[in-house]
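The chain contents come next:
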Amino acid sequence: MDTTRTDHRPDELIAATPQTLWGMPAVLNFALGGLGAGFYVAAVVAGALGARSAMSLAAWLAPALVLAGFAAVAAEAGRPLRGLRVLSAVATSWMSRELWLGGLFAVLALADETVPGRGLRLPATTAATALVLAQGALLTRARAIAAWSVPMMPVVFAASAAVSGVALLVLAELLAGQPPGHGVLATMLVVLGLGLLAWLAFLTASSDPAFRYPTAPLRAGATAIELIAVGYTAPAVLVALALAFPAWAPGPTALAAALAIAGQFRAKSALILTAGQRRAVTLATLTLPRRSP
Amino acid sequence: MRWGMVVDLRRCVGCQTCTIACKQAHALPAGTQWRFVADCEIGAYPDVRRVFLPMQCMHCAEPPCVGVCPTGASRRRADGIVWIEYGACVGCGYCAVACPYHARHFVDDGAGDFAEPTPAERATAQPARRGVMTKCTFCKERVDAGRLAGLVPGVDPDATPVCAVACIAGAIVFGDLDDPASRVRMLIDGTNVAPLAPEAGTEPSVYYVTAVAPPAGIGPRAPDSVESSRPDPVPRSSRSRAEHSFDRPALEDPALVWLRALGA
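Residue numbers (my numbering), protein chains in the order written: chain A, 1 to 293; chain B, 1001 to 1264.
No lab work stands behind these hints, which were simulated from the structure alone. Even for Gly, the Cβ is constructed at its ideal location relative to N, Cα and C. There's no promise every hint is true.
[Claimed, not checked] A few chain B residues that face chain A, going by a derived Cβ cut-off under 8 Å, partial list only:
#1 Ala-1078
#2 Ala-1096
#3 Val-1097
#4 Phe-1106
[Unchecked claim] Which chain A residues stay away from chain B? Per the calculated CB distances, all over 12 Å, these:
#5 Leu-13
#6 Val-73
#7 Ser-88
#8 Ala-186
#9 Arg-219
#10 Ala-244
#11 Phe-245
#12 Ala-254
[To be verified] Facing chain A, according to a computed beta carbon distance under 7 Å, are these residues of chain B, among others:
#13 Pro-1070
#14 Val-1090
#15 Cys-1092
#16 Tyr-1094
#17 Ala-1098
#18 Thr-1118
#19 Val-1132
#20 Leu-1148
#21 Gly-1150
#22 Ala-1200
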């Protein structure tokens, strides 16, 4: 693992330090939000394409996952009882927008299930997609954290939600005793490939040392192997095996789905806890008069 | 009017008096320091220097902490002071991960040196500041009260932030950045100043005089040193007594005097 700093900037006065305010509750918020929203969108798309749909499960499980993420992150706040105030700065703050979109999604998804046929599914799907993008944009605005403050973070979050959402859909169908069809498995393979591409694009998004140093453990070493091999490559190989040998499909498929979901949790954890380092403090014009020989 | 500060890195000796003055004036709980002086090393061997870097909220003109705040608790006044309304803050920490200057501090609900609050902690406890984000306020209450009393912040100590008043080296200068006659403006216009992390694009109101001179007695001033090529814009008559003490020539090393005597 790349733990030796060779990219010190000459004008760096205070080195990068890990942020400590956002911990596992924030990871849960981002991971459960992506999982819930992705599951709902995957279920809606699967149903629209005529596949067996886990819609009735997604209608309550997806909002429950999103709300559980909000509850987790509320526990991390210093004054959780003031939580409703977070809704008040929607014009400027992505955290406000995230809460609004998550709440809207939960209401629309549950209303669609309770009173079907009202045309609420499409707005709920839109809200779920926007929630995931808002979570990515929220990190983009965290200017102190170079690893988060990259424009493509919403794309990373969208790809992550798609991977974990399709995986949960596959797992739900298996648990319901309905092995997913070739179409769903092929879709999972494609989504895993796109997710991996998005993750690799993120890891190489910037050549700025402020970004390269905190993301180094995500590019090489044990964490990188966990994230890429376990989270993307192994599930893809297992899904390919399931497609090639349909008779043995349920086992590898279930394992692939579980690994993909766990991989996305691990990716969010690495992003927040490992790569979440505050920028070094620099002073560009600091001059150093030469000592006499 | 825009309040700002100039920190002269040539003068700072890293004594942390500003840190303690701030902590005492604002009754900050254990573990919380709105300002601190970082002990930094710059350069590469053999040209290495030790630099003391006073850090605090930069009261940016484009403060990223204000825009991200989900409750509107983080605000910027018309005079440039960025502050937090404690009663509206949820303590989510979003402002802390948005601030590139490590200037936001979360005050834990159980912050204290011991299991039970000490008498001093009880006397200075501020429940409104528990579980929320806190930061340097540029001593806005002191500045506002001073102005109401007809004093001039940056000139009159009673209307000036305590860190600037307490600094033993006159390294911290406070004043109106928009006033061409203010000391901060003259220092900015007349010396080699720069803000921290300009790449963050936040337009800080705190500037640093950056030419770092070699320690006295080690060698001659470098010819390319900005400090040596520009006149000091601050009139000597306006300096405090503490600053004047820095105008004295460095004392000769007693060991060198003794060796020279032996040689003679």
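Hint by hint, here is what the structure shows:
1. Restraint check, Ala-1078 of chain B versus chain A: the minimum CB separation of about 18 Å is more than 8 Å; hint violated.
2. Taken as an interface hint, Ala-1096 of chain B checks out: its beta carbon lies about 5 Å from the nearest beta carbon of chain A, inside 8 Å.
3. Hint status for Val-1097 of chain B relative to chain A: holds, with the closest Cβ pair at about 4 Å, below 8 Å.
4. Below 8 Å, beta-carbon pairs count as interface contacts, and Phe-1106 of chain B has one with chain A at about 6 Å; its hint therefore holds.
5. Interface exclusion of Leu-13 of chain A from chain B breaks down, the closest Cβ pair being 4 Å apart, not more than 12 Å.
6. Remark: the non-interface label on Val-73 of chain A conflicts with the geometry, its nearest Cβ contact in chain B lying 8 Å away (cut-off 12 Å).
7. A beta-carbon of chain B comes within 12 Å of the beta-carbon of Ser-88 of chain A; the shortest separation is about 6 Å.
8. Ala-186 of chain A, annotated as away from the interface, keeps every beta carbon of chain B farther than 12 Å; the closest lies near 39 Å.
9. For Arg-219 of chain A, the requirement that its beta carbon stay farther than 12 Å from each beta carbon of chain B is met, with the minimum near 22 Å.
10. Listed as a non-interface residue, Ala-244 of chain A keeps its Cβ farther than 12 Å from every Cβ of chain B; the least gap is roughly 45 Å.
11. With a minimum CB-CB distance of about 47 Å to chain B, Phe-245 of chain A clears the 12 Å threshold, and the non-interface call stands.
12. For Ala-254 of chain A, the shortest C-beta to C-beta distance to chain B comes to about 37 Å, beyond the 12 Å cut-off, and the non-interface label holds.
13. Proximity of Pro-1070 of chain B to chain A holds as hinted, the smallest CB-CB distance being about 4 Å (cut-off 7 Å).
14. Because the smallest distance between the Cβ of Val-1090 of chain B and any Cβ of chain A comes to about 5 Å, under 7 Å, the interface hint for this residue holds.
15. Checking Cys-1092 of chain B against chain A by beta carbon gives a least distance of about 5 Å; that is within 7 Å, so the hint holds.
16. The closest approach between the C-beta of Tyr-1094 of chain B and any C-beta of chain A is roughly 5 Å, which is under the 7 Å cut-off, so the hint is satisfied.
17. For Ala-1098 of chain B, the shortest C-beta to C-beta distance to chain A is roughly 5 Å, which falls under 7 Å, so the interface hint holds.
18. Annotation: Thr-1118 of chain B was flagged as interfacial toward chain A, and the flag is violated, the nearest CB pair being 22 Å apart, outside 7 Å.
19. For Val-1132 of chain B, the suggested interface contact is upheld, since its CB lies about 6 Å from the closest CB of chain A, less than 7 Å.
20. At about 31 Å, the closest approach between the beta carbon of Leu-1148 of chain B and any beta carbon in chain A exceeds 7 Å, and the interface hint on this residue is violated.
21. At about 37 Å, the closest approach between the beta carbon of Gly-1150 of chain B and any beta carbon in chain A exceeds 7 Å, and the interface hint on this residue is violated.
22. Nearest Cβ of chain A to the Cβ of Ala-1200 of chain B: about 6 Å, under the 7 Å cut. The hint holds.
Violation of the numbered hints given earlier is confined to hints 1, 5, 6, 7, 18, 20, 21; the remaining hints are satisfied by the structure.
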